[in-house]
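Relying on the hints, combine the two individually framed chains into one complex.
For reference, the chains in residue letters:
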Amino acid sequence: MKDHAHYATLREIILPYLPEDIDPSGIGPESLLIEELNINSAHLVDIVLDVEDRFDIRLEDTDMQQMHSVSDALRIIDTKLGNT
Amino acid sequence: MENVLQNILDQLPYRKPFLFVDNLISVGPEGAEGYYTFPPDSWFYQGHFPQYPVTPGVLLTECCAQIGVVCLGIYLAAQSAVTAAPGAPAFALSDSDMDFLRPVLPGERVRVVSRKEYFRFGKLRCRVQLFNEANELACKGQISGMIQKGNP
Chain A
1 MKDHAHYATL
11 REIILPYLPE
21 DIDPSGIGPE
31 SLLIEELNIN
41 SAHLVDIVLD
51 VEDRFDIRLE
61 DTDMQQMHSV
71 SDALRIIDTK
81 LGNT
Chain B
1 MENVLQNILD
11 QLPYRKPFLF
21 VDNLISVGPE
31 GAEGYYTFPP
41 DSWFYQGHFP
51 QYPVTPGVLL
61 TECCAQIGVV
71 CLGIYLAAQS
81 AVTAAPGAPA
91 FALSDSDMDF
101 LRPVLPGERV
111 RVVSRKEYFR
121 FGKLRCRVQL
131 FNEANELACK
141 GQISGMIQKG
151 NP
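Protein chains in written order, with this note's numbering: chain A, 1 to 84; chain B, 1 to 152.
Chain B with its partners taken away, still in its complex shape (with noise of 0.2 angstroms):
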């Protein structure tokens, strides 16, 4: 398994600034599950807010995307005798529906769960769920990507 989960990440295309994955605990067939802190100095916590800094909603929802669909749709891919191609593949989002209940902080670790709901004809739909570090619900939603084929 610790192969298995350091190999999706080492396929992950992101790099800093914009990578909002630390490590994963576990993916399958069925969904996957990481965890990422945001570093307290993170640049966008100057203007957001000065008085109040507190991280972007658009960002939690890019550390579900990353971990819950893009890390899953990973292992997914290279299970399905279509998807699976030479090089690692890559996931466009398409749609997103996100509900923000609570603040998370600067310095927080946050934990993604995501559940698939269905990989078919390349586009991956997940529910997502990003917990605080208090193990408080601070986000949910519905995410999904599209992959696509012939990227390097």
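In isolation and in its complexed conformation, chain A is listed as follows (with noise of 0.2 angstroms):
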């Protein structure tokens, strides 16, 4: 998942959003973004609007519902464009 074409750029997006306490480093696909990444729901939206924008895909309440995981949202932007 690390090798996966979008990770960096997830990544990327995810940084200005982790609270103060919490080590960058940490991040890994299987992170959990609300319980291990503390990223509240308002940040989630924001993470998800900047998703939109950078891969110029929309996503639904429904992808919003199932987007637990870094791993997860990878999937998601997958889909959305098509390449799964």
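These are computed hints drawn from the structure, not numbers from a lab. Even for Gly, the Cβ is constructed at its ideal location relative to N, Cα and C. Possibly wrong hints are sitting among the right ones.
[What the hints assert, rightly or not] No farther apart than 25 angstroms at their CA atoms in a straight line, the calculated lysine to any residue pairs in the SDA-like style are these:
1) Lys140(B) <-> Leu59(A)
2) Lys16(B) <-> Gly107(B)
3) Lys140(B) <-> Asn3(B)
4) Lys2(A) <-> Asp56(A)
5) Lys116(B) <-> Asp63(A)
6) Lys140(B) <-> Gly87(B)
7) Lys116(B) <-> Arg58(A)
8) Lys16(B) <-> Tyr118(B)
9) Lys116(B) <-> Asp23(A)
10) Lys140(B) <-> Ser96(B)
11) Lys116(B) <-> Ser41(A)
12) Lys116(B) <-> Asp21(A)
13) Lys116(B) <-> Lys2(A)
14) Lys140(B) <-> Asp63(A)
15) Lys116(B) <-> Glu52(A)
16) Lys80(A) <-> Lys140(B)
17) Lys140(B) <-> Asp78(A)
18) Lys116(B) <-> Tyr14(B)
19) Lys116(B) <-> Met64(A)
20) Lys116(B) <-> Phe49(B)
21) Lys116(B) <-> Arg54(A)
[Stated by the list, open to error] To give an idea of the interface, some chain B residues facing chain A are shown, with a C-beta separation under 10 angstroms as derived from the structure:
22) Arg120
23) Phe121
24) Ser144
25) Gly145
[Said to hold, decoys possible] Not close to chain A: a few residues of chain B, all C-beta gaps over 12 angstroms, as computed:
26) Asp10
27) Asp22
28) Gly28
29) Thr37
30) Ala92
31) Gly122
32) Asn135
Set out below in structure tokens:
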């Protein structure tokens, strides 16, 4: 997953929203966005909107509900881009 | 429209002394506008400041949030299939970035104008402006709120 084409881009999108007490080196593909990275629900929306802009895709509420981990987000991006 | 506006006011969760909306002029898909008069005998003027009473910026922000984000949010939530739920929706402030340009004095009636930037995944972000009684821009900024699902 770390070799995933969009992993580095997604990581870059997530970084600014990490709380200060979370070590960025701890982010991995299996990291849970809310439970482990302490990203709050408002910032999760910001991340989704940034992902939409960066990849020129549109996510729906159902996608948001399935987006628990970094790799979930990568899978959703792939699906939207039609790369699966 | 009257009924729509009154219905929104009725759903506001705030009560005195923390209700900062007197009436609404308009609420629609793109924004909201309303008035509030800061009562000259409000408790906070005693300490902010004893020799020079002026409305605290944090309360101007709250006034902008109640009129511009929460009143608009109640309207938008009711229009959306995803967020429409029985009972009044509650919004929690998630971020604010304000500039304060002019003091608002005790007893001044202010007008808040908000424009929706987006309402997606339960997050409402607005540009807000607050005009003083002389219709000069007293503060402006950006405020976001998150809808709290499942609240009574």
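Here is what the structure says about each hint:
Restraint check for Lys140(B) and Leu59(A): the C-alpha separation of about 31 angstroms exceeds 25 angstroms, so the hint is violated. Between Lys16(B) and Gly107(B) the CA atoms are separated by roughly 16 angstroms; this keeps the pair inside 25 angstroms, and the hint holds. Of the supplied pair hints, the one linking Lys140(B) and Asn3(B) is violated, its CA atoms being roughly 29 angstroms apart against a limit of 25 angstroms. Of the supplied pair hints, the one linking Lys2(A) and Asp56(A) holds, its CA atoms being roughly 22 angstroms apart against a limit of 25 angstroms.
Distance check on the hinted pair: Lys116(B) and Asp63(A) sit about 23 angstroms apart at the alpha-carbon level, within 25 angstroms; holds. Taking the CA atoms of Lys140(B) and Gly87(B), the gap is about 31 angstroms. The hint is violated against a cut of 25 angstroms. As the CA atoms of Lys116(B) and Arg58(A) are separated by approximately 19 angstroms, the hinted pair is consistent with the 25 angstroms bound. For the suggested pair Lys16(B) and Tyr118(B), the alpha carbons sit about 30 angstroms apart, so the restraint of at most 25 angstroms is broken.
Our distance criterion of 25 angstroms between C-alpha atoms is broken by Lys116(B) and Asp23(A), whose separation comes to about 34 angstroms. The suggested pairing of Lys140(B) with Ser96(B) holds, with an alpha-carbon distance near 10 angstroms, which does not exceed 25 angstroms. Among the hinted pairs, Lys116(B) with Ser41(A) is consistent with the structure: their alpha-carbon atoms are about 19 angstroms apart, no more than 25 angstroms. Among the hinted pairs, Lys116(B) with Asp21(A) is inconsistent with the structure: their alpha-carbon atoms are about 32 angstroms apart, more than 25 angstroms.
About 37 angstroms separates the Cα atoms of Lys116(B) and Lys2(A), which puts this hinted pair outside 25 angstroms; it is violated. Between Lys140(B) and Asp63(A), the direct Cα distance comes to roughly 34 angstroms. Violation of the 25 angstroms bound is thereby established for this hinted pair. A C-alpha spacing of about 19 angstroms is found between Lys116(B) and Glu52(A), which places the hinted pair at or below 25 angstroms, so the restraint holds. About 37 angstroms separates the Cα atoms of Lys80(A) and Lys140(B), which puts this hinted pair outside 25 angstroms; it is violated.
This hinted pair does not check out: Lys140(B) and Asp78(A) have alpha carbons roughly 40 angstroms apart, beyond 25 angstroms. A C-alpha spacing of about 22 angstroms is found between Lys116(B) and Tyr14(B), which places the hinted pair at or below 25 angstroms, so the restraint holds. Proximity of Lys116(B) to Met64(A) is assessed by CA-CA distance (about 21 angstroms); at most 25 angstroms being required, the pair is judged to hold. Using a Cα cut-off of 25 angstroms, the hinted pair Lys116(B) and Phe49(B) is violated, with the two alpha carbons roughly 34 angstroms apart.
Taking the CA atoms of Lys116(B) and Arg54(A), the gap is about 22 angstroms. The hint holds against a cut of 25 angstroms. Because the smallest distance between the Cβ of Arg120(B) and any Cβ of chain A comes to about 7 angstroms, under 10 angstroms, the interface hint for this residue holds. Nearest Cβ of chain A to the Cβ of Phe121(B): about 5 angstroms, under the 10 angstroms cut. The hint holds. A distance limit of 10 angstroms between C-beta atoms decides the matter here; for Ser144(B) the minimum to chain A is near 6 angstroms, and the interface restraint holds.
For Gly145(B), the interface hint holds, since its Cβ comes within 10 angstroms of a Cβ in chain A; the closest pair sits about 8 angstroms apart. Look at Asp10(B): its CB is around 27 angstroms from the nearest CB on chain A, clear of 12 angstroms, so calling it non-interface holds up. The claim that Asp22(B) is not at the interface with chain A holds, since no C-beta of that chain comes within 12 angstroms of its own (minimum 28 angstroms). For Gly28(B), the shortest C-beta to C-beta distance to chain A comes to about 23 angstroms, beyond the 12 angstroms cut-off, and the non-interface label holds.
Under the 12 angstroms C-beta cut-off, the non-interface status given to Thr37(B) relative to chain A holds; the minimum distance is some 31 angstroms. Separation of Ala92(B) from chain A is inadequate, the least Cβ-Cβ distance of about 8 angstroms not exceeding the 12 angstroms criterion. The Cβ of Gly122(B) does not lie farther than 12 angstroms from every Cβ of chain A; its closest approach is about 7 angstroms, which violates its non-interface assignment. Annotated as non-interface, Asn135(B) keeps its C-beta farther than 12 angstroms from every C-beta of chain A; the closest such distance is 33 angstroms.
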